[in-house]
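A.B. asks: The chain contents come next:
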Amino acid sequence: MSGSPDRGTLLTAEGLFREYGSFAWRVLRRLGVAERDADDVCQEVFVTVHRRIASFEGRSSQRTWLYGICVRTASEYRKRAAHRHEVSSDGVHEASVDASQDEDAALREARATLDRLLESLDDDKRAVFVLYEIEELPMADVAIAVGCPLQTAYSRLHAARRDFDSALRRLHAAEIAR
Amino acid sequence: MSDPTRLGDPDSKSPPSLQRLIDAGRSDVPDRDRLRNLGARLGFGADGLPAGAGAAKGAAGLAGGAAKITAAVLGGIGVGVGALATGHLAKAPPALVTASDVSHAERSPLQPGLDPETTVAAPPNEDPSSPPAVQARLPSSTSGARSHPVATTLAESTVATPAKAGPVATTPAMGSLDPAVISGGAGSLRSPADSPPKDTEFSLLEQAQRALGGDPRRALDLADRDERQFPVGALAQEREVIAIEALAELGRADEARARARSFFQAFPGSVHGPRIAAMTGFDAGLHNP
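For the record, the sequence lines run as chains A and B.
To convert a position in the first sequence, counted from 1, into our numbering, add 13.
To convert a position in the second sequence, counted from 1, into our numbering, add 1347.
These aren't lab readings, by the way, just hints derived from the structure by calculation.
In this text, a Cβ means the ideal position worked out from N, Cα and C, and glycines have one as well.
Some clues are possibly wrong.
Some chain A residues judged to face chain B by a derived CB distance under 8 angstroms, without partners named [claimed, not checked]:
no. : residue
1   : GLU57
2   : ARG124
3   : TYR145
4   : ILE147
5   : PRO151
6   : SER179
Pair ranges (Cβ atoms, derived) [unchecked claim]:
no. : chain 1 : residue 1 : chain 2 : residue 2 : range
7   : A       : SER68     : B       : LYS1360   : 40 to 50 angstroms
8   : A       : ARG72     : B       : ARG1572   : 14 to 24 angstroms
9   : A       : SER68     : B       : ARG1564   : 57 to 67 angstroms
10  : B       : ALA1605   : A       : GLU132    : 36 to 46 angstroms
11  : A       : ALA186    : B       : LYS1360   : 19 to 29 angstroms
12  : A       : ALA190    : B       : PRO1351   : 23 to 33 angstroms
13  : B       : PRO1362   : A       : ASP136    : 25 to 35 angstroms
14  : B       : ASP1370   : A       : ASP135    : 35 to 45 angstroms
15  : B       : LEU1597   : A       : LEU163    : 51 to 61 angstroms
16  : B       : ARG1353   : A       : LEU23     : 27 to 37 angstroms
17  : B       : ARG1608   : A       : ARG175    : 24 to 34 angstroms
18  : B       : ARG1353   : A       : GLU122    : 47 to 57 angstroms
19  : B       : PRO1357   : A       : ALA119    : 50 to 60 angstroms
Hey, can you work out the whole structure from these sequences and the hints?
C.D. replies: Here it is, written out as structure tokens:
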């Protein structure tokens, strides 16, 4: 766990953006924010950071706090978007279509596959899985970011790995059968 | 309990195919231009990236000062549109920044975003890092304040927003939202290169904010247009504040109240709650615990 930083070392919202903006964008994508909406939702995250930073209490690192905002914002986005259209499949599709040109096809395909597998997880498990496996946060910070007890976070990780593995096996089976 | 080995770690027992998937996820970051644009949208100077990347470095640094004040003091639309203003101002042709009709107190939050050479008679103590100059502007100064109802500091909205309905419940204006400052009086602060090809969420709300007070119908139209174009936008709360304000100005109190009710349901705990309560007669305490 990162511990409570000295108040004097705290970053401003702008500092957080400079330091972690790209990570925030990335975690939003892995949490199911469609490519076309990623900038808007990332902006929403930092507007929230603006609103809340004065009340940041230092109970976690600012990075963990920011990830927590990302998790909640992505969750709200998915709830909102679910009323309009099926976000997740759009996101997966777009990831393979709109990715920047300098990414090679294999990488795009891998990300699309990753997102498809992540879609097999429910939101709670997905958040823990993404923060731990991809963002590489310590589990103690993951628990803080998603707002659950540490033991619950471990349980979710365990279940998420199981579900992810099942989805991967199904995917392989489907590819073989093709 | 110690953390388990991650699936993507080289010493994990995961199959290479799985490790590649995880690696692909880890390497997925927005490109520099995208991040820069995002930073600019947020008002983090013309360049949201570390210094050295652009000619607007100085302005970006100054706008950063504004961002600090925004974060510390502003709650509400001042956050969103104020950030917009600083973003534009950081890139603004200095000669267009006049805002001569704005009092020092009103200007203070935005001044850090201006080129110091063009700042209009800023008091010497108007240091971007001295939020007290801003925070001291509580409603006791209402007599000298212009009416920019949506612009409200957190302190203002929670401490001293007049508890009465209607547009007369004005709070002291925050300079970050002063239309004169945002637009230079002619809507011309953006250079052609900065002008978006189509409406952005920020630009729509900026126009809507400007229309408030003079043309509430237009403000409402713009807010509704924003809602159609950006239903999941980052500034939904700010849009609703503008719409509610416009309805109140149009005398459509019932609609303002209905929209306020929806706002409290959608955004419980919003920093705009007290402001909306004051405009519509809603009791923020009941809806905004």
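A.B. asks: Each hint should be assessed against the structure and marked as holding or not.
C.D. replies: How the hints compare with the structure:
This hint holds: GLU57/A has a C-beta 4 angstroms from the nearest C-beta of chain B, less than the 8 angstroms allowed. Satisfaction of the interface hint for ARG124/A is found here, the shortest Cβ-Cβ separation to chain B being roughly 5 angstroms, below the 8 angstroms cut-off. Interface restraint check for TYR145/A: the shortest CB-CB distance to chain B comes to about 7 angstroms, inside 8 angstroms, so the restraint holds. Residue-level restraint check for ILE147/A holds (minimum Cβ-Cβ distance to chain B is 4 angstroms; threshold 8 angstroms).
Taking 8 angstroms as the C-beta cut-off, the interface hint given for PRO151/A holds, the closest approach to chain B being about 6 angstroms. Violation of the interface hint for SER179/A is found here, the shortest Cβ-Cβ separation to chain B being roughly 13 angstroms, above the 8 angstroms cut-off. Range check, SER68/A to LYS1360/B: Cβ separation about 43 angstroms, and the 40 to 50 angstroms hint holds. Under the hint 14 to 24 angstroms, the C-beta atoms of ARG72/A and ARG1572/B, about 41 angstroms apart, miss the expected range.
In this structure, SER68/A and ARG1564/B break the distance hint of 57 to 67 angstroms, their C-beta atoms being roughly 37 angstroms apart. Hint check: ALA1605/B to GLU132/A, Cβ distance near 37 angstroms, so the stated range 36 to 46 angstroms holds. Checked against the hint of 19 to 29 angstroms, the pair ALA186/A and LYS1360/B passes, with Cβ atoms roughly 21 angstroms apart. Evaluation of the 23 to 33 angstroms hint for ALA190/A and PRO1351/B yields a pass: the beta carbon distance comes to about 32 angstroms.
In this structure, PRO1362/B and ASP136/A meet the distance hint of 25 to 35 angstroms, their C-beta atoms being roughly 26 angstroms apart. The hinted window of 35 to 45 angstroms between ASP1370/B and ASP135/A is violated, with their beta carbons roughly 24 angstroms apart. Between LEU1597/B and LEU163/A the Cβ separation comes to about 53 angstroms, which falls inside the hinted range of 51 to 61 angstroms. Between ARG1353/B and LEU23/A the beta carbons are some 28 angstroms apart, a value that agrees with the proposed interval 27 to 37 angstroms.
For ARG1608/B and ARG175/A, the hinted distance range of 24 to 34 angstroms is not satisfied, since their beta carbons lie about 44 angstroms from each other. A C-beta distance of roughly 22 angstroms is found between ARG1353/B and GLU122/A, which places it outside the suggested range of 47 to 57 angstroms. At roughly 19 angstroms, the beta-carbon separation of PRO1357/B and ALA119/A lies outside the given 50 to 60 angstroms, and the hint is violated.
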